[in-house]
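Protein chains in written order, with the working numbering: chain U, 1 to 394; chain Z, 1 to 394.
Derived by calculation from the structure, the hints in this document are not laboratory data. Possibly wrong hints are sitting among the right ones.
[What the hints assert, rightly or not] DSBU-like mimics (lysine-lysine), calculated; alpha carbons at most 35 Å apart, straight line: (1) U:252 <-> Z:4; (2) U:163 <-> U:195; (3) Z:4 <-> U:163; (4) Z:49 <-> U:49; (5) U:4 <-> U:83; (6) U:4 <-> Z:160; (7) Z:252 <-> U:137; (8) Z:4 <-> U:160; (9) U:160 <-> Z:137; (10) Z:137 <-> U:195; (11) U:299 <-> Z:57.
[Unchecked claim] Some chain U residues judged to face chain Z by a derived CB distance under 10 Å, without partners named: (12) 42; (13) 111; (14) 147; (15) 251; (16) 391.
[Claimed, not checked] Reference listing, derived: stretches of chain U covered by chain Z, where coverage requires no fewer than 3 residues with Cβ under 8 Å from a Cβ of chain Z: (17) 3-9; (18) 62-75; (19) 128-135; (20) 223-232.
C-beta: ideal position from N, C-alpha, C; glycine also.
There are 2 protein chains.
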Amino acid sequence: MDYKFSDRISSLKPSAIREILKATSAGDVIPFAAGNPAPEAFPVDDVRKITAEILEKDPITALQYGISEGYTPLRSTISKYMKEKYNVGSEDDDIIITSGAQQVIDLATKVLVNEDDVVISESPSFIGALNTYRSYKGRLVGVDVDSDGMNMEMLEEVLKKEKRAKLIYTIPNFQNPSGVTMSREKRQRLYELAKEYGVIILEDNPYGELRCSGENVPCIKSIDTEGIVIYSGSFSKILSPGIRVAFTIANKELIAKMTVGKQASDVHTPVLTQMIVNEWMNNYDMEGHILKIRDIYRKKLELMCGLIDSELGDFVTYVKPEGGLFIWCKLPDSVNMLKFCSVAAENKVAVVPGIAFMMYPEDKTQCVRLNFSTPTDDGIVRGMKILGKVKEMF
Amino acid sequence: MDYKFSDRISSLKPSAIREILKATSAGDVIPFAAGNPAPEAFPVDDVRKITAEILEKDPITALQYGISEGYTPLRSTISKYMKEKYNVGSEDDDIIITSGAQQVIDLATKVLVNEDDVVISESPSFIGALNTYRSYKGRLVGVDVDSDGMNMEMLEEVLKKEKRAKLIYTIPNFQNPSGVTMSREKRQRLYELAKEYGVIILEDNPYGELRCSGENVPCIKSIDTEGIVIYSGSFSKILSPGIRVAFTIANKELIAKMTVGKQASDVHTPVLTQMIVNEWMNNYDMEGHILKIRDIYRKKLELMCGLIDSELGDFVTYVKPEGGLFIWCKLPDSVNMLKFCSVAAENKVAVVPGIAFMMYPEDKTQCVRLNFSTPTDDGIVRGMKILGKVKEMF
Chain U
1 MDYKFSDRIS SLKPSAIREI LKATSAGDVI PFAAGNPAPE AFPVDDVRKI
51 TAEILEKDPI TALQYGISEG YTPLRSTISK YMKEKYNVGS EDDDIIITSG
101 AQQVIDLATK VLVNEDDVVI SESPSFIGAL NTYRSYKGRL VGVDVDSDGM
151 NMEMLEEVLK KEKRAKLIYT IPNFQNPSGV TMSREKRQRL YELAKEYGVI
201 ILEDNPYGEL RCSGENVPCI KSIDTEGIVI YSGSFSKILS PGIRVAFTIA
251 NKELIAKMTV GKQASDVHTP VLTQMIVNEW MNNYDMEGHI LKIRDIYRKK
301 LELMCGLIDS ELGDFVTYVK PEGGLFIWCK LPDSVNMLKF CSVAAENKVA
351 VVPGIAFMMY PEDKTQCVRL NFSTPTDDGI VRGMKILGKV KEMF
Chain Z
1 MDYKFSDRIS SLKPSAIREI LKATSAGDVI PFAAGNPAPE AFPVDDVRKI
51 TAEILEKDPI TALQYGISEG YTPLRSTISK YMKEKYNVGS EDDDIIITSG
101 AQQVIDLATK VLVNEDDVVI SESPSFIGAL NTYRSYKGRL VGVDVDSDGM
151 NMEMLEEVLK KEKRAKLIYT IPNFQNPSGV TMSREKRQRL YELAKEYGVI
201 ILEDNPYGEL RCSGENVPCI KSIDTEGIVI YSGSFSKILS PGIRVAFTIA
251 NKELIAKMTV GKQASDVHTP VLTQMIVNEW MNNYDMEGHI LKIRDIYRKK
301 LELMCGLIDS ELGDFVTYVK PEGGLFIWCK LPDSVNMLKF CSVAAENKVA
351 VVPGIAFMMY PEDKTQCVRL NFSTPTDDGI VRGMKILGKV KEMF
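One chain only, chain U, in its complex shape (with noise of 0.2 Å):
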């Protein structure tokens, strides 16, 4: 058979950067490639105490169908925990409970965008956003980060040109993969721009609770007073990826078309995760746990920059995080940078080459994405003493 695809999956072709990543993927290799929580950030116990609980106590509700909102009783209880702690939701919003936040990108892509409709996004950014976009054939338009966030000049012009704009997006605390937080300002400004140019805001927020250092910035979802936000937040990186429960924010209009995008994509999010999740931010010490991730994040944060300074200070470029994951390093202008990531996985240390979070192949970038969380002290260490020895090459 001769296999005649859609245009919208023939769009997403398997790139030169997933083979670089492959090669890495061996179990001799340190990762800073990758995105995943440290083993030692799961709340084991307390997970198996709720499950069995819950499986004691109620098990048809876990195992029945659900609705595609979510569980009611999570749904209830972040919508509480967002307003209390971050002022996030309002009286015209409401809340819908996902399969991961990846989710959320896709509901809120499927409900807005037309093909060959625009999404303006942070350049670089998340590859899994950007490959979500592209799967409904969005026109993706960048705009540069600066240490303080998404360039506002820049995103003005792109506004006042693209009259098919539909969604702004962003990652405004420790963004994925520059690890740039948006000042206050920047998001002020943000949310009118986007008010002005009636264009949507996804402002994705998966990183939020895990803050290193300096003081939170309120969410733009805080000052959205014209329904134009949509807020998504994730349990991936405070409680567990693999249960894969997200949620999002927003007007009810919004919530609506997404809840019936929803039922036609999977129904609904599974019952027992969404149990387990709500269990735990009612009943179990869940901010107890966000401060002693922090500090497992602090550590390794302030240990892979003392390397960079020491082992990299006179090659690589980087804006120190205040939080989440990744820290992002610029080679010098005479390196070709793949060959340099290509030399590391020789070398056996993973590193992402930017190209991978820019919008088109063609994009110029000469950075690298290093991640902190997934390897262990030992394997930082080892780690960035390779690249130091790899850097002797260039």
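With chain U fixed as given, assemble chain Z onto it according to the hints.
Relative to the frame of chain U, chain Z by itself:
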């Protein structure tokens, strides 16, 4: 904000039917409109033991990110099971685990159907599938269902005419809503026609294990030498719908594209729930449990059919299903079908008006769908007696 939604989501309008269903969702209504497994059909003790064991022995695997293709041991277990029991799967095929069988439909459409391409479906068919096709702006073309399955003359005419046909959607066993099982001859003919016209078959088999009487008919996928059948199977009806674990077996090229599609949808299906299914299949009495739920549903089916005959025998006609969850009853031509459903709802019995399962709102049907798995035996008796009285008003 005046939201501008995408064309694809705007084509999914809430219908008058949903309003009828909403009116019948109150607690005191007898649920002949549902499609939920009976609560007594869940292997609760097994799930309790298995889950405790997984979280004791291998919690990090259960909580960490998984791969988009699915939990590798489960993929092997299902492949072996499907090959041995149903001769489904070949060396050219591969398997991915999905978030419910709804996601198989979503991914197949995503990778094969461009906007305005044609999806051929049994008419009537599963509303969830039809809505997914609509959500990709596929054009639905219905083929009548005879008492032995899809009408093959009509299918051939459609294939001759529709040059943009990309997918033939069928539920060959105990079809939803008609309850009909496609004969072996028609399966062979369907396969030959699909091959001749170069169109992929999506064989959706969620009810296959729920046979109450008659002989097993081979899966279409079991005769697929050309790689033109996408097979979809599910654990929703034999283990639990709430855990959302299903799978698809198809040619490697198709599976590779569907995996890329899944990456952009929800990254992967939760690992914990996949591990539960794997453990259940390997070390618990799944076959014994399937026999048990067949007994449960056989009794309920016989009870409801007996009552249809005694209470509505001179009023409705139906093909007695050999399994599944639904009975499709045709009302006399003189009766206003929607009115019948409304009056039933007023009398606290929920049935689904057949129009919900048709391709287009202007299609004609005199049928209503009754479900026998969700109501209690007492509910079936009371509900059918009420319908017997409702009948007198027409």
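- prompt: Honestly, which of those hints from before does the structure not fit?
  reply: 5, 14, 16
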